[in-house]
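Enquirer: Got chain A sorted already, so can you dock chain B onto it with the hints?
Number of protein chains: 2
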Amino acid sequence: MVKWMGSKKRTPPKFYIFNLIPFWMRIDHALDDLFTPESVAVVGASAKEGSIGYNLVRNIVEGGYAGKVFPVNPKYDEVHGLKCFKSTADLPHPADLTIMAVHADISNSMIEEACKNGARTFINIASGFGEVGRRDLEIKMREIVRKYGARVLGPNVFGVYSARASLNATFGLRNVVPGNVGLISQSGALGIALMGMTQNQGIGLSAVISIGNKADISECEALEYLGADDRTKAIFLYIEGTKDGRRLMEVASEVSKIKPIVAIKSGSSVRGALAAASHTGSLAGSDKIFTTALEQAGVLRALNLNDGFNWLRALSQLPIPGAEGVVVVTNGGGIGVMSTDSAERYRVKMLDNRDLFEKMFRKTMPDYGNASNPIDITGQGKNKEYGMAFDIALDEPKIPAIVGLYCQTADGKPMEIAKAAIDSAARSQHRKPITFSMVGGKGIRDAMDELNQAGIPCYGSPDEAMSAMGALYKRHRRLLEEKEEPVVFNDINLNAIQSIIDRAKEVGATNLIESDCNEILRLTGLQFPKSGVAGNLDEAVALAQKIGFPVAMKVLSPDIIHKTEFGAVRLDLEDEHEVRVAYESIMASVRSKMRNARIEGVIVTEMICEATETILGFSEDPSFGPVLMFGMGGIYVEVLKDVAFRVAPISGREVMKMIRDITSYPILAGARGKDFRDIDGISDAISRISYLATQVDDLVELDINPFMALDKGMGCKVVDSRMTIRPKEMKS
Amino acid sequence: MVKWMGSKKRTPPKFYIFNLIPFWMRIDHALDDLFTPESVAVVGASAKEGSIGYNLVRNIVEGGYAGKVFPVNPKYDEVHGLKCFKSTADLPHPADLTIMAVHADISNSMIEEACKNGARTFINIASGFGEVGRRDLEIKMREIVRKYGARVLGPNVFGVYSARASLNATFGLRNVVPGNVGLISQSGALGIALMGMTQNQGIGLSAVISIGNKADISECEALEYLGADDRTKAIFLYIEGTKDGRRLMEVASEVSKIKPIVAIKSGSSVRGALAAASHTGSLAGSDKIFTTALEQAGVLRALNLNDGFNWLRALSQLPIPGAEGVVVVTNGGGIGVMSTDSAERYRVKMLDNRDLFEKMFRKTMPDYGNASNPIDITGQGKNKEYGMAFDIALDEPKIPAIVGLYCQTADGKPMEIAKAAIDSAARSQHRKPITFSMVGGKGIRDAMDELNQAGIPCYGSPDEAMSAMGALYKRHRRLLEEKEEPVVFNDINLNAIQSIIDRAKEVGATNLIESDCNEILRLTGLQFPKSGVAGNLDEAVALAQKIGFPVAMKVLSPDIIHKTEFGAVRLDLEDEHEVRVAYESIMASVRSKMRNARIEGVIVTEMICEATETILGFSEDPSFGPVLMFGMGGIYVEVLKDVAFRVAPISGREVMKMIRDITSYPILAGARGKDFRDIDGISDAISRISYLATQVDDLVELDINPFMALDKGMGCKVVDSRMTIRPKEMKS
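Those protein sequence lines, which keep their order, are chains A and B. Last residue of the first sequence: 732 (the numbering used here), numbering continuous. Last residue of the second sequence: 1464 (the numbering used here), numbering continuous.
Bound conformation, chain A alone:
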């Protein structure tokens, strides 16, 4: 296995190496022993009902596990009808999987003892570690297992369930229904409750992994395992935070190419985000970055449990539609309209082919029915009409997906409607996705259960049926996305950039001076306003004429830092006359304030008039590494916080998505033919900054503000910038 160590220090080259090895080749053998062990030892097994050591053995035995089970506890001779061993030393052979259900205080020493006796894969159930401030115990535990080449899941977990091995090695719920959804939970209590929720929703589980404090095995390895596990069709991830966001993102990105991941990330409220805020951080609250990262990785982020489970049911049971476009079949106009509203909300395209639909569907409805989409077969529509309409829609190649809606009528028999839909779907061999919604009372629950059991997810409201269809379409679009690598800019001289930084580091700087910032951005391939240095008045006039009016002028003097305070800056000089006046007035002003200032001349710069102020940069996130930021400048970024983030590096396609993400994008794109700015120029600049951010590890923050976007074809220009570098490490 390739080890990918923490992210405190960003190590971009590894990122590329990492990606060259398919994730399923990286899976540690220890993970196999977590999910398909041939023997399981439970240290701390107990005959005391209600205790964790009791529940673990009971769940393993009652869950139908076929391997050997070794209860270990010096206090008992027998636990749950099995011989109980005094210690791991007494086992007939080391167990593939050793579960520690003992107190935190002794768990480390008992893990070490088990290691000495040959155990190599552990689950440490115990709480009382990092979550109560005893991070030292965790570090100790990791050191022990590393010493023996062993691995451990936990501490502070409720265990693992594996459908493949019929192994319920949790102290959670019994009677887990095997199926095709893999569940990873950082929260123990919620994870157990979610296992229950799947039972109630008819979702079967392929595996459950409680990841807890993640002292060794993390959600990333769990994701990799479930990604490679062919029983798992969809993955549900509950996560509160991660120390290694970049790795999570990379793994999720690989796995989500193969199967859907639905994630709930909690802790999104402003209060939490504000707590971690710094200057740029107030824009780049870590939750916003987390969200961005998950999206970049192709993960479907649900805002609440309902949405998450609704999507999971569709994603784990249905085929992904082959093209954009759904047809809604309904017996009620009202819910038809509601589903149309929802379709827009969830970016589901309602097919629009009135003539074709009229020809196809008219025979399924009375005269007053509506054969345009939604197909309203009216309250007269019974199982026969529903069946006909579904058959037609399923047979027609131009219809990729179907949403069925049913309003209970006085004499309607919901179960018959359900069966008609099930028959149609079976006839078509479930080639197309159907989501369903039934609204009504008596008999509706049974009909819904029938549909759900037959693999047609049925929901209590049209909105949910359409939301689930929306999740399928997000998957559809994700699968269509071809892999696109970030651009590599060979024209950027990284060595030259590093030299500038090294020089600054040598003198102990953490912020680069203006000329260094400019030089690095020039080397990165960004443009600047035309500018030059003039040694005297006539040179200044000639330079201004060469640059083109209007120009700005400021003094060039090593003695004057705050030029404005010295009256040494003049803007908007529109002709030779104004340049002359400005030159004389700057000189007079500087002399009057600092008689002996060394004056080397003036800097004359092009004024940019027709352009839009934007802001571009990146800053280093402790978990995700360099995060790019682009947004509207000036008042927009200050007040409206109209900025988009992406974890670097990003491909050209993602750059364009990022630009379009900002609310004010139409202002750049040129609504109504006005103000069409150089989007290609912006895109090129973002790609270059992305490359810079990932290649030059010593750069930790960059702000280009303002970054002026000129008209199409005219490029963009850096007006001002700030850069922060990693401080020189102290030698001990």
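Hints are supplied without guarantee of correctness; some may be wrong.
Claimed, not checked - Below, in silico cross-link-like pairs of lysine to any residue (SDA-like), each with a Cα-Cα straight-line distance of 20 Å or less:
| # | chain 1 | residue 1 | chain 2 | residue 2 |
| --- | --- | --- | --- | --- |
| 1 | B | K1373 | A | R660 |
| 2 | A | K442 | B | G936 |
| 3 | A | K442 | B | K1373 |
Don't read these hints as lab results, they were simulated from the structure.
Expert: Just chain B, lined up with the frame of chain A:
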């Protein structure tokens, strides 16, 4: 009853009269006969199972109605064990309520016959009217009932349910559970299905009204009735559109002061909104206006059925909290964090009093529990700990509301937790609202049902529990709102404004000329940039000096309309010299293009530099009357559509809400101490335009663009405006 006729013609004076009479005094006696008749005739009663005429009689009889039931149908002697009459003429006495279940073709003549026989209150079930293009039949029907002073609900309805009379006069579902929610549905199919849905959700119904085509009795009268009905604690309204939005808004506004109205308005998708769009309409899509109007009226608009029903359960069962602030009691950290995120989403304030909570709640949890809010009593928390925590929270005056969360644990007994919560709530006499969520599998449904039945709404996810709490808090805020009347501006000379419009009407104008627009806005009390007319060059210079530089100058000539094309406009004149050059150049340019133009001089105008461009105006909506619009000007309104709408007239408080509604509000309000514009000036101008829009019926559209907002205390200035007036009516 005060009749409030259509809205084609806006009649603002009636609006005020209307509001002086409490809505419950306006309820027509006919509505009483709909809901509490002593006798019901069913014309078209049938013995044929499955027919509408059969279901109606069956539902009335089986529903336990205690009054007399008269089936009417010449084909039968007996229907459902009751004597069947040949015609309404044969009845022993006219029925209080006559339900017509006959074909559309004959329904009108049979209604007339029944009227002749003394019937005065009808439900016309028949479809085949306006919804299939036979609006004429509806008009005819209304004429008939009006002739006899009768009233009719329908056509195209499924009937009425009234818990008060145990009357299920619908052909919909049987076994309606009586309760305290009133249901009004414009859609028949959905209405029937919703009745079913209430059964499944444990919501009892006080009344159900199918309003269908609304030929006579509308959703407004239904709302008034349910508003006055003391059995009804909350109202659910499903509506697709209305011809008389203003009246709906006024009625809803009155009723929502007494009890909550939850509404679903479907047809919100852009496609639908675009269809009805006109120039300003593209900003003021009718759905946006509808949404605004419902919000102004204090209605809670749900975007989908789930939310709507979730809210209804809380609103119909729980007390409204007395103050802002909730405490969350949970046994799982994960769902605690999720609920905190949700609290922010639904504007529920999480109480923050760590010291107090530590003191109060520490005894309910082990050491590693968390006594700050959310109160995490941990997985160790059983019924005893939940009960203690609830008791403490319910007893503490500083805690106005509670959200309970439960994650199923391995050995947890959800039913015991439910009972603990129920006991606590009962001990506290249900004085404070509690919403609950339980996440888990086996046993969870039963525990949830137990809570629901005990009047503690329990939901399947923490998000829903918090969303329901959010609905209670919307109600809380609505109830705190004191009635505030729109400002009446006695300083506005409405007669003078009317005279200007009358003069324009006389010459057949529909758009007012610039000077008329300016004069009307001046009379309305709006400000303009300083300006004057100069007859010659020296006067122009003197005028410019008086106004203050910079100024703009344009020619004053009756012959020149498009001044810019004639080169007759100059902007940004900064001193006397520039004024002189501009004057000469304008004259030369005009002369060169139209030798004989009559030139009366130039208009010199103040240039406004430090200000923010906004847009202000109103346009007449066919359903809601004058709708005010305010937004950011220039590129914001063009591209970002950053505008807010309100149905006029509005109070000062609503004006401030409107200003704050726009996304760019911080730009006006002065984020970080910059650019603080004259919000009071904007607010005054909107109030004045609101008054103008409601008082001067002949004005149908006004656009002030740009409307420059100056710095605080400096006012706002009209730079340009357009007005459209109602055309003079043609005499026949």
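Enquirer: Any hints from earlier that this structure breaks? Give me their numbers in increasing order, please.
Expert: Of the numbered hints given earlier, the structure breaks just one, which is hint 3.
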